[in-house]
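Protein chains in written order, with the numbering used here: chain A, 1 to 415; chain B, 416 to 830; chain C, 831 to 1084; chain D, 1085 to 1338.
In short, the hints are calculated from the structure, not lab data.
Please note that a few of the clues may not be correct.
Here are the computed lysine to any residue pairs in the SDA-like style, where the Cα-Cα straight-line distance is at most 20 Å [to be verified]:
(1) B:Lys827 <-> A:Ser395
(2) A:Lys4 <-> D:Glu1219
(3) B:Lys812 <-> A:Gly413
(4) C:Lys895 <-> C:Leu1067
(5) B:Lys424 <-> C:Glu940
(6) C:Lys895 <-> B:Leu711
Per the computed footprint, the stretches of chain A lying under chain D, defined by three or more beta-carbons under 8 Å from a beta-carbon of chain D, are [as the list claims (entries may be wrong)]:
(7) 14 to 27
(8) 156 to 167
(9) 174 to 185
(10) 297 to 305
For every residue, glycine included, the Cβ atom is placed at its ideal position computed from N, Cα and C.
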Amino acid sequence: MENKGFFGKWGGAFIPEILHETFEQLDSNFRQAKEDPQFWQEYLDLMSTYSCRPTPLTFAENLTNHFGGAKIYIKREDLNHTGAHKANNVIGQGLLVKRMGKKRVIAETGAGQHGVATATMAAKFGLECTVYMGEVDVQRQRPNVFWMEKMGATVISVKDGSRTLKDAINEAFRDWVTNVDTTHYVLGTACGPAPFPEMVSWFQSIIGVEAKRQILARHGKLPARVYACVGGGSNAMGIFQGFLDSPEVELIGVEAGGKGIDTGRHASRLCGRDASPGVAQGYKTMFLQNNDGQMLETHSVAAGLDYVGVSPILSHLAEEKRVRFASATDDEVIEALDLTMRMEGIIPALESAHGFVQAFKEAPQLGRDEAIIINQSGRGDKDIFTIAHAFDDPSWKEFIIARGKEYAEDKKGKS
Amino acid sequence: MENKGFFGKWGGAFIPEILHETFEQLDSNFRQAKEDPQFWQEYLDLMSTYSCRPTPLTFAENLTNHFGGAKIYIKREDLNHTGAHKANNVIGQGLLVKRMGKKRVIAETGAGQHGVATATMAAKFGLECTVYMGEVDVQRQRPNVFWMEKMGATVISVKDGSRTLKDAINEAFRDWVTNVDTTHYVLGTACGPAPFPEMVSWFQSIIGVEAKRQILARHGKLPARVYACVGGGSNAMGIFQGFLDSPEVELIGVEAGGKGIDTGRHASRLCGRDASPGVAQGYKTMFLQNNDGQMLETHSVAAGLDYVGVSPILSHLAEEKRVRFASATDDEVIEALDLTMRMEGIIPALESAHGFVQAFKEAPQLGRDEAIIINQSGRGDKDIFTIAHAFDDPSWKEFIIARGKEYAEDKKGKS
Amino acid sequence: MLLEKTLRSRLAEKDILLMTHIVLGYPSLATNRQVISQMVAGGVDCIEMQIPFSEPMADGPVILKANQESLALGTTVAACMAFGREMTGQYDIPFLFMTYYNIIFKYGEERFFKDCQSAGIKGLIIPDLPPEMGEEFFRLATRYQVAPILIFAPTSTERRMAELNRSAAGFIYCVARRGVTGKQSEFDDDFDAYLARCRAATDLPLAVGFGIRNKKDVAAITGKADIAVIGSETIRLVDEQGTEAVGPFIMGLR
Amino acid sequence: MLLEKTLRSRLAEKDILLMTHIVLGYPSLATNRQVISQMVAGGVDCIEMQIPFSEPMADGPVILKANQESLALGTTVAACMAFGREMTGQYDIPFLFMTYYNIIFKYGEERFFKDCQSAGIKGLIIPDLPPEMGEEFFRLATRYQVAPILIFAPTSTERRMAELNRSAAGFIYCVARRGVTGKQSEFDDDFDAYLARCRAATDLPLAVGFGIRNKKDVAAITGKADIAVIGSETIRLVDEQGTEAVGPFIMGLR
Ligand SMILES: Cc1ncc(COP(=O)(O)O)c(C=O)c1O
Ligand SMILES: Cc1ncc(COP(=O)(O)O)c(C=O)c1O
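Extracted from the complex, chain A is given alone in its bound form (with noise of 0.2 Å):
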């Protein structure tokens, strides 16, 4: 690594020294990879027989005429396998796991996106698979839990700290330190230690190639926008890079902004004044952190945002202004994925619809014949349990209860 894995300030590999050779390795591993277009193909042929790319930029012509501005384009990651762009990260990763010979994997994961996506690499390529992720979002996302113990991961609900994504890290950490000769941690999104950022960001570049083509032949053009949540940053970095290098594009990142952002129960990192410059889980970043420099709880109604840190490389296109960002509260995520339901038929996931909710306060700004690209990172449908509470639906609630009743009667009839 030449800039030591700095991105201006930001970055760096700070890492336990157990881990110096592993990083060595996978490092030269990437940069050859990232060297060789014979990878880059297999990875595309990969993406496009197993997942399903290049996915869709639909045309959401209801939210255009509603919102009476820009051009809305959607870009459909949600259509990806495992239904989220975690599936570009993992699948790359696989391909440099196999490259290294290694027979194990281990994850981190918030939304239980990237668990899945990584249970679903390691049954593909035949690789042992462990998950961390912490108990509130086991809680949350259970339906992620399930699918992943089915394709055979074990998944170990974390309940330290917060117990949440920071806490799941901390947790594949510690796995990967003790496991370090067999083991690849695949390091969900833009954060961690160098090559992480560089190396998750390659991967979900594959969104912006397709974008900035899809854009260009639909729309004759470039857009005025582009907008993607950012929890660790990989699906804003994925799309931004279409186009990082037209300065005519405004790029815009969309963090948490939870209850509100003034009542510091939110994970704005980037926007907000809660953060602060830190190093934590090897890289440093802006972190939601005290002046101790003790990590802060965060809040986000979406888990796969609920993170303390932020990709290194946002925060030094942040810095330069190259991107700017904004938050949304709960409150308006879950109005804008249920306008977004019902005039278009498409679930976004929570994370996702924090991306929408400002591109529909800046939509009307815009002229008709300009376009803005919403990044959809992933699909609703894991968010089940929560919107279904959200939306406070008395019948999903009639049928949790029964059901519940049923298993506990059961367990009481067996024992």
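Once you have looked at the hints, place chains B, C and D with the ligands on chain A.
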């Protein structure tokens, strides 16, 4: 209709007089559309920008090695928007509705996939939407009900008869005869009165056209056999049409064997000995009925296959011995599902898994230079309540019990 | 005597005829007997007996439920045929069978017609069998002299009515409105225009069904149609007030 | 006196030195005081005081929990610094801080070193700061004479050990095995070979940590390494048997 909608001696349009004109209108619009290359082009455009067509053909390398016979390819209809092949039919009919200028659609649904697809299409095309669903299916496919409602559809739980798919169809017809002027009935499978079997099959032929092109590109020659599950028969007709003209390709439809073909608790119309020719729900086909012509209760773990009738086109192809029929029991289905998840990281819908069962039985008998295709009509996410139940998953049950209690206490608190 | 002729001779004496409907085996054949006896005593001119079917697609909730309960109690087609024979032997009014096509198809079309003929059944109402789907059926109907009653609907065009008329016999069943059995209909100007179209399309007597519930409804079509069909209403009546209420109800209709 | 020098002079008198570990603020600073007093009385040669961090990525369950509970009770970095000053004033053995890099980064690197120096802290163990990530840190360490303790791992190559050695001072912390703190280690032939590689790579004293729990473990490394590090074991001991057990425990180790 020159042949009055018959295929051999099967099919026809046995409809109440009140629907006569509507069927004339539908038929003539369908004929025009079928002859209009622009219509198909518009359909293809929509399917490739709103859904994810062409869907991939995945080489199941691990399953292939496991069985040691023919190369197993999977046609990935699960990657369609809304998660099943149902989208193909629904978007096609949606375009016809636009042509006919109707403002409201109704649909029946078993697995809920067709209902979700219709609700989705209705949202996108700005149509009012009512979906009829048997009470039994509402129970086993609750997540799909939730999404339909969120997409703005009204879901009506049908409490008559066996409270499954056939009863939902009856109820949809009752709605249709009442609201015939404003409403189009989006029938969900290649059944019902003409022109539905032909029309639905036409829209679904997109699967077979793609699959043929894909297998030739990948395997260099046609597959030895093609497998598809058969509920009403639409996904099967969809993929079979790519190969009907190639007599060297054997086509296998797999029906629901339920608790076993000898127990009477199944839904096998074209294999087994419990079905006989009949006329119901507007068409002539093989029905599971008693000697008086009363329809029997059917059973399948897969709601979408739990149906008394079958496409008249398939009855014809069965009679002509162009398509061979087999059945898969509930237990075999769960086993095939388990294997597919663990080996390939792919989750077939319970319906689709029926096709996998038969393919797994036959793959070892074929040479390694042969290929077979399984049509994966949909994804299994929708089946989480059924699958988790079938696997008797303890942590899933705990989760549901806990959620149920929470909601029950909420309710008590409020009242 | 042929159905049409019987009806015409009754029409010579009455402004409007009454046809009633029952679902065989609901709540039991014994009750059916009592109800029919009440109906005949009340003066009905024709009775339509529905052989239950598991998929009564054109029927509304009341008749649907009656079909299902009858089947659940074990009613068979053979029992219905025997019951028909018993009734025609007992009462001197025309009896018809109403059912769905599958019942006949499974029974065997020719056998069904033969048995109807020998049981003295005068006509068949099969709502899911349009003439173009039933060539053999209509041939057999002529051969066995069991009238195939066809249905006109408010959505039927003149051309369609003419086409239907060519296959019909006995009378034409004019469905009063869109929808299934058992709900209220409006006998308004639109309805009159529709009935005029029906009249112009056929020389057969016209029956009007769907939603006729009381004297007022019967009066509304008197002079415009020949037969008033009372369907779900008598099922409701028996369910709520017992068989004894049927006679007085029928008598009160004209 | 510089850390290395102090250790060497103690090594002149003992076969092996003992370094113990505590998490500051767990279960309280008051208890820490008692524990340290017991440790010193028991004869430890050096104490490593961990400033708690919310993300102790290299620590196992025992220390992780101690970090979290300490923070939950409100332990601040300032309080840790003051506590360190108090201990160095009270006891004549070297005290080190162990923590993660973010604590120092947030505090301000130079300010942290300055305060350490003035508090009499002799060295820093920062498991997530490899030399290539800490140019300024290592510059300041030299300037303020607070030894940056570096870590050798069984996965470290000769080349890497040499590289680490160039930035290290005080002693080298040899991690006994892969993994996090708090679990059993095997002091077998592989371990001996590893330790020989460590020895060859540096002239600094060698400490061995991770999984040293009892007299037998200490004996196993005596003669091969210079310092035995007892980490999680004393936390467990205090949790289970109270502070009074610490002195006897330490005394029983050699
Ligand atoms: C659907 C979806 N979108 C977005 C995210 C956030 O991650 P990132 O910012 O890396 O794209 C997640 C993380 O789990 C996710 O599941
Ligand atoms: C995923 C899936 N596959 C198959 C079917 C069966 O229908 P068909 O036989 O028409 O393809 C259904 C019906 O709901 C379905 O949802």
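- prompt: What hints, given by number in increasing order, does this structure fail?
  reply: 10
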